[in-house]
Amino acid sequence: MASAELEGQETQTMTVREAIRETLREEMRRDEDVILLGEDIGVMQGVLDVTGDLYNEFGPDRVRDTPISEAGYMGAATGAAATGLRPVPELMFSDFIGVSMEQIMNQMAKMRYMFGGKIEMPVTVRATEGGGMGAASQHSGTVHTWIAHFPGLMAVTPGTPEAAKGLLRSAIRSDDPVFFFENKMIYEQSGEVPTDEDFTIPLGEASVEREGEDVTVVATQRLVGESLSVADELEGDTDVEVIDLRSLYPLDTDTIAESLDKTGRLVVADESPLSYGTQAEVVSRAVEDAFYSLDAPIQRVGVPDTHIPFSPSLEGEVLPDGDDVRNAIERIA
Amino acid sequence: MPSIDLESEQGREEALRRMLTIRKFDTKVGEHFADGEIPGFVHLYVGEEAVGVGACAALEEDDYITSTHRGHGHCIAKGLDPNLMMAEVFGKREGYCNGKGGSMHIADMDANMLGANGIVGAGPPLGAGAALTINQKGEDRVALSFLGDGAVAQGQVHEAVNLASAWDLPLILLVENNQYGEGTPVSDQHNLEKLSDTAGAYDIPGIHVDGMDITAVNEAVAEAREHARNGKGPTFIEADTYRFHGHFEGDEELYRDEDEVEEWRKRDPITDFSERLIDRDELTEEKFEEMQAEIESEIEDAIAYAKDADEPVPEEAYDDMFSANVPDIERFVQQANARTDGGTHGGEF
Chain A
1 MASAELEGQE TQTMTVREAI RETLREEMRR DEDVILLGED IGVMQGVLDV
51 TGDLYNEFGP DRVRDTPISE AGYMGAATGA AATGLRPVPE LMFSDFIGVS
101 MEQIMNQMAK MRYMFGGKIE MPVTVRATEG GGMGAASQHS GTVHTWIAHF
151 PGLMAVTPGT PEAAKGLLRS AIRSDDPVFF FENKMIYEQS GEVPTDEDFT
201 IPLGEASVER EGEDVTVVAT QRLVGESLSV ADELEGDTDV EVIDLRSLYP
251 LDTDTIAESL DKTGRLVVAD ESPLSYGTQA EVVSRAVEDA FYSLDAPIQR
301 VGVPDTHIPF SPSLEGEVLP DGDDVRNAIE RIA
Chain B
1001 MPSIDLESEQ GREEALRRML TIRKFDTKVG EHFADGEIPG FVHLYVGEEA
1051 VGVGACAALE EDDYITSTHR GHGHCIAKGL DPNLMMAEVF GKREGYCNGK
1101 GGSMHIADMD ANMLGANGIV GAGPPLGAGA ALTINQKGED RVALSFLGDG
1151 AVAQGQVHEA VNLASAWDLP LILLVENNQY GEGTPVSDQH NLEKLSDTAG
1201 AYDIPGIHVD GMDITAVNEA VAEAREHARN GKGPTFIEAD TYRFHGHFEG
1251 DEELYRDEDE VEEWRKRDPI TDFSERLIDR DELTEEKFEE MQAEIESEIE
1301 DAIAYAKDAD EPVPEEAYDD MFSANVPDIE RFVQQANART DGGTHGGEF
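Line order of the protein sequences matches chains A and B.
For what it's worth, my numbering labels the leading residue of the first sequence as 1, then goes sequentially.
For what it's worth, my numbering labels the leading residue of the second sequence as 1001, then goes sequentially.
Bear in mind the hints are in silico, worked out from the structure with no lab data behind them.
The structure presented is a predicted model; accordingly, all values stated were derived computationally and were not measured.
Just to be clear, a hint being listed does not mean it is correct.
As the list claims (entries may be wrong) - Partial chain A-side listing against chain B, Cβ under 7 Å, derived:
hint, residue
1, Pro67
2, Ala135
3, Ser137
4, Asp175
5, Asp176
All C-beta atoms, glycine included, are put in the ideal place defined by N, C-alpha and C.
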């Protein structure tokens, strides 16, 4: 079912990859301070073909191929944001974030606060995440929990083309540092996206993608689509409500609590390690705000505290999928 | 036009005044820190004044700088107000950062001063970013990143120099080689005779100057600035200097002996510069003493201003995180308050 944002809107069908590229194009046309920085995003058009032809349209100054030096260009993006640009640096694989973490943790995240609010930090970091390509541990991880945990940073995880478009535009127009996490297994997923060039989704709003009465599944990224499929399969047996969390920080507790008032049962599904994870934060918020609505133990779906292995049989074992969501629903329904 | 023209008599007097202001500011900070009136820890710039003032004099006011742990000198050299600086060092709301930054994080975007920095080597990537903005907007200005000798061992510094070199960014790297990275001699941390030789690896100019000589520093930065403005990219400058105090106040300085400190103190950059001005009949001993008394009094005023300034109220700890209100922060503050007000359980239970 179409989400509330699409009602009355003119739309077109596009993939998540196209939604991201078109939003970048529209924002770069709208504001010349928006520039892209990253490894192989220009001439090579991005290793996962996200930036595509933007280099041809905007040229090497606005679609900048950087040296392979994440600390250097993430720091430069931070300094550029502090001085009047609206940079959109890309981390080719989110696993590389460690190389640049000093600039993210101690500069990008803290400058506004440390300077008493007298600086803006309009930077949007795009990072590809997730397993499923047999890329092994150093090219398959998710780090969105780290970012959502760290004060001063916002983190969003679109699960649909529409969310990708609306959240990326909000991120680029925001005066705060926003991390936009792209699960690489949903780039080909297509859906309806508003054509309005000012269409935005506010940072911090979850979306009820499917209404249901029996169990609430709060999902992110690839697991949104998988959860919707499971919900369809279980129709007539268990009535599943699926929420795309979309924003990890800020986090929309109200939508989750409202859903639990109705269903009383919660499954949280996210492709990150389970200990101290995104799932745990959602559970905490649910317990704090909807404790008396709960009728069953909450279920967490995620990666069982391992790295993502190479061999397909091993990778399939550790990556959460629709079966894990179904099992979790069946344990409590 | 540089912000202070060392070719003019008036400019030389202003430069001397700023060096003295740094000396008095930091000496007073040391005293009040020893008295327990200043929170945290402080790193003083005493002895290094010729570098900060010589460099910033060669910059225009709209040029950007990034700074280091030892940032008070850079702030004064860039023209920041000692009253607001002192209020920040004392943790007061009137300070440059509303009391959230303290000694190691004084910043002033109005002065294009992008912050002192508590992380060794973190400034050059930020400086490269400011230089990127300059290029992107087609502006005629430059960015200068101060860094210590210790920072030359940091990977992100090399990434920033490489990036600036590859993109011909108008960035000046100015290493203040004060002979010690915290408590370890520079020779134990690097296998380079001259840190300025780093420039060779990036095919950019490397300049080595006497950092106790304000004129030498000024000329090197002026040259680097012209180079940058002409689209020729970064310059890597090393200025040999010395900190007369320890790494931080209270440092027992087990890593160096007093004779060495005394030898360097004989080369005091302020004495050196004032004597040159006296030799040229631009300054008299009396005028110099008068100037010192004036500045002493200005810094006493800054101390009084800082002491009189308001403490931030505790609730302000939650301000300034984001450009707009984020409900999550409020949520957790309210929960904590409810627990405090209502016993061990949440207010509503």
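The hints, checked one at a time:
| no. | hint | result |
| --- | --- | --- |
| 1 | Pro67 | 6 Å, holds |
| 2 | Ala135 | 25 Å, violated |
| 3 | Ser137 | 23 Å, violated |
| 4 | Asp175 | 4 Å, holds |
| 5 | Asp176 | 5 Å, holds |
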